[in-house]
Amino acid sequence: MKLLNVTNRYYIAIALALLLISSAFLSYRVFYLVDNEISEHMLFEKMEIEKQLSSQRDIQGIQFIIGDRIEIEPLDKFTTFRVSLVDTNKYDPYEDAVVPFRRLSYEQLIGDESYRITLWRRLTETDDLFSGVAFTLLLVAIDIIACFYFLNRWFSKRVWKPFYRALSGLTHFDLHDGERISFQRSEIEEFNTLNVELSKLTDKVARDYKNLREFTENMSHETQTPLAIIRSKLELLLQSEKLDSEQLGHIRSSLDSVNRLSKMNKSLILLTRIENDQYNVSEALNLADLIKQQLDKFDLFISSRDLTVKTNIEESVTLNINPNLADILLTNLLSNAIKYNRPHGELNINLNKERLIISNSGAPLTINDDQIFDRFKKGEQPDSVGLGLAIVKKVCDHCNCEIHYTYEEDKHKFTIEFGTGKINGKVEEA
Amino acid sequence: MKILIVEDEQELLQSMMSFLKGSGMTCEQATNLQEAVAKIDAGDYDCIVLDIGLPDGSGLKVIEELQKKDHQTGVVIVSARNSLDDRLTGLNIGADDYVTKPFYMPELVARIKSVFRRRSFQGQNEIVHNELRVIPDEMLMYVNDKLISLTKKEHELLLYFLSNSNKVLTKESIAEHLWGDHADMADSFDFIYSHIKNLRKKMTDNGGKDYLKSVYGVGYKFSNE
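These protein sequence lines are chains A and B, in that order. The opening residue of the first sequence carries number 1 in the numbering used here; numbering runs sequentially from there. The opening residue of the second sequence carries number 1 in the numbering used here; numbering runs sequentially from there.
FYI, nobody ran anything at the bench for these hints, they're computed from the structure. Be aware that one or more of the hints could be misleading.
Facing chain B, a subset of chain A residues (Cβ under 10 angstroms, in silico) [unchecked claim]:
id : residue
1  : Leu248
2  : Lys266
3  : Ser304
Derived pair list, reagent style DSS-like, types lysine-lysine, alpha-carbon separation capped at 25 angstroms [what the hints assert, rightly or not]:
id : chain 1 : residue 1 : chain 2 : residue 2
4  : A       : Lys242    : B       : Lys221
5  : A       : Lys292    : B       : Lys152
6  : A       : Lys242    : B       : Lys213
7  : A       : Lys411    : A       : Lys339
8  : A       : Lys339    : B       : Lys152
9  : A       : Lys339    : A       : Lys413
10 : B       : Lys213    : A       : Lys233
11 : B       : Lys21     : B       : Lys39
12 : B       : Lys171    : B       : Lys201
13 : B       : Lys197    : B       : Lys152
14 : B       : Lys21     : A       : Lys339
15 : B       : Lys21     : B       : Lys152
16 : B       : Lys202    : B       : Lys153
17 : A       : Lys266    : A       : Lys297
18 : B       : Lys152    : A       : Lys297
19 : B       : Lys197    : B       : Lys213
20 : A       : Lys233    : B       : Lys221
21 : B       : Lys221    : B       : Lys209
22 : A       : Lys339    : A       : Lys266
23 : B       : Lys171    : A       : Lys266
24 : B       : Lys153    : A       : Lys297
25 : B       : Lys171    : A       : Lys242
26 : A       : Lys233    : B       : Lys171
Pulled a few chain B residues facing chain A out of the computed Cβ check, cut under 8 angstroms [as the list claims (entries may be wrong)]:
id : residue
27 : Pro102
28 : Ala175
29 : Phe191
Bear in mind that the values here come from a model prediction, so they are computed numbers and not experimental data. Ideal Cβ positions, reconstructed from N, Cα and C, are used throughout, including at glycine.
The shape of chain A in the complex, shown without the other chains:
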């Protein structure tokens, strides 16, 4: 959810709650006041009637100037001084409905005769009152909320602009291209602090990344010579006639370790070189041809494991890629699919304009699926360096392709989605 919507949502919720509480209070107050006013008014009427009745002995001559309905009925006997004031419902002939009335009744002696005098006063219906109040308040609420919403939008957009700029800068920040983010100065102190801190942070990350890259690069290059020396010395030692089998065993394990290091070194250098964009010259290569060439190279290894190769290769699919990288990519994927296949297993290759899918039968991974492209992550293959798939991933990143791994139906499946614009499936001129 967007920041703006969150604040708006809170504002609106608070406004609604406030309006609800105040409308309840308001309705209560209005009702109370109106109610009070009616009672008071009726009591004034009573006083007026009393006054008129006591000065004018003749009932018939009383001028009733008050708008309410008045009933005067003679009583046999005066019973009480009590004045009763009750709300009741009564049939109203004008409205032809039973509507609320307030009734004030009391007994009065006029001369010697006692009368019951009853005043009827029509009350506003409570429902009407409430709906009136509610409707008014609703209008107010809508006005306020709409104002809130648009003001807040306009305001936030203005105020938060530097923030969104910084955010978009961070989104587009890429360690590889080495460009710094330019932050906009703002009149708001917090944003400036944020920008300063972000600048520091990204600079540091970029610096660390550069150092790390340089370190890996130097490390890999500087280890080449010592490795070459160790290997050469071991090979010389191996030529000695006087070695017994135990000594030979030691030399063999030393050589094995040197070879492992050397493979690792080779892979790391390759990774570094891809990262440093040293393979930037690409050309449109026919993938179908490349795959067939690779399969030829691996033929011996495929037949020795008695693998069934099923291919569904669309001809004339070309990809813009550096030839060395294409070779590395396919070699790594195919050698993996062969090496970690089970005997008599399957190797499937599907190629079309959108994607390349290489899948092979084999036992499931012992590591998480999403770690498969990480450096030095390997399952239970002790002789593997664990960089092959890291290189594959790097090559894919480099040529804007997407690779993902799934395991389904006892098969390891690697799918490379060719990015848009990088692929053209046009038929090549023969």
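Position chain B against the provided structure of chain A, taking the given hints into account.
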């Protein structure tokens, strides 16, 4: 065969000197560009093993210098992994072959001998080893003058052994020689074993001796006896 090794790394230089001498070559050494140029001015070599990254300049200058005189010298570049461009430039301006650090010594020897063969006899010579005769450019071998055909890999394997006779060759170095980047396929050692078995059979079945010896778990050796 007279070789000049140009390498600034002392220890590696010494190893190469020992190994090449052990393979019957006569070796001289140079540890920098200046020394190397002086040496090729002074004498003729059959082959130069050339490290590109020298302290006082690029080893490619040695090749340029070499081109100035009428020479029959082969050049094998020893390059670091990161210098693909150097390697390509080297081959373009007249180097014959290259190995990448860290390399296997027998591989270097095989390359030198192959360059030497190409340079001196345009590849038309034969390699003779007692009753064996091998023609490098054809997949053929004569055992006691009997013509026997070889597979491509058997032929490559045999040439590798003959270039390094009486030397212990590790399985890794053989695998890399035969399959290059695919050498680390899990079963490549089994293939070496079966290739060697076939090769041995082809030789012994036709009255040849069994020269191919297994060296305890490490590799194989093509013995002289």
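Now for the hints, and whether the structure bears them out:
1. Leu248: With a minimum Cβ separation of about 5 angstroms from chain B (threshold 10 angstroms), the hint on Leu248(A) holds.
2. Lys266: holds (6 angstroms)
3. Ser304: holds (6 angstroms)
4. Lys242(A) with Lys221(B): OK: Lys242(A) and Lys221(B) at ~15 angstroms, within 25 angstroms.
5. Lys292(A) with Lys152(B): Judged against 25 angstroms, a Cα distance of about 20 angstroms means the pair holds.
6. Lys242(A) with Lys213(B): Given that 25 angstroms is the threshold and the Cα spacing comes to 16 angstroms, the pair holds.
7. Lys411(A) with Lys339(A): Since the Cα atoms of Lys411(A) and Lys339(A) sit roughly 14 angstroms apart, the hinted pair holds (cutoff 25 angstroms).
8. Lys339(A) with Lys152(B): holds (23 angstroms)
9. Lys339(A) with Lys413(A): holds (14 angstroms)
10. Lys213(B) with Lys233(A): At roughly 22 angstroms apart (the allowed maximum being 25 angstroms), Lys233(A) and Lys213(B) satisfy the hint.
11. Lys21(B) with Lys39(B): Distance ~18 angstroms between Lys21(B) and Lys39(B) Cα, so the pair holds.
12. Lys171(B) with Lys201(B): holds (20 angstroms)
13. Lys197(B) with Lys152(B): Roughly 15 angstroms separates the two Cα atoms, so the pair holds.
14. Lys21(B) with Lys339(A): violated (39 angstroms)
15. Lys21(B) with Lys152(B): Violated, at roughly 29 angstroms.
16. Lys202(B) with Lys153(B): holds (14 angstroms)
17. Lys266(A) with Lys297(A): Holds. Lys266(A) to Lys297(A) sits at ~21 angstroms (cutoff 25 angstroms).
18. Lys152(B) with Lys297(A): holds (13 angstroms)
19. Lys197(B) with Lys213(B): Distance of about 11 angstroms is within 25 angstroms: holds.
20. Lys233(A) with Lys221(B): Roughly 18 angstroms separates the two Cα atoms, so the pair holds.
21. Lys221(B) with Lys209(B): Roughly 14 angstroms separates the two Cα atoms, so the pair holds.
22. Lys339(A) with Lys266(A): Holds. Lys339(A) to Lys266(A) sits at ~19 angstroms (cutoff 25 angstroms).
23. Lys171(B) with Lys266(A): Cα-Cα ~19 angstroms, so holds.
24. Lys153(B) with Lys297(A): Given pair Lys153(B), Lys297(A) holds - Cα atoms ~12 angstroms apart, limit 25 angstroms.
25. Lys171(B) with Lys242(A): Distance of about 20 angstroms is within 25 angstroms: holds.
26. Lys233(A) with Lys171(B): Given that 25 angstroms is the threshold and the Cα spacing comes to 17 angstroms, the pair holds.
27. Pro102: holds (4 angstroms)
28. Ala175: At 10 angstroms from the nearest chain A Cβ, Ala175(B) fails the 8 angstroms test, so the hint is violated.
29. Phe191: Given a least distance of 6 angstroms, the restraint on Phe191(B) holds.
Of the numbered hints given earlier, the model fails hints 14, 15, 28; all others are met.
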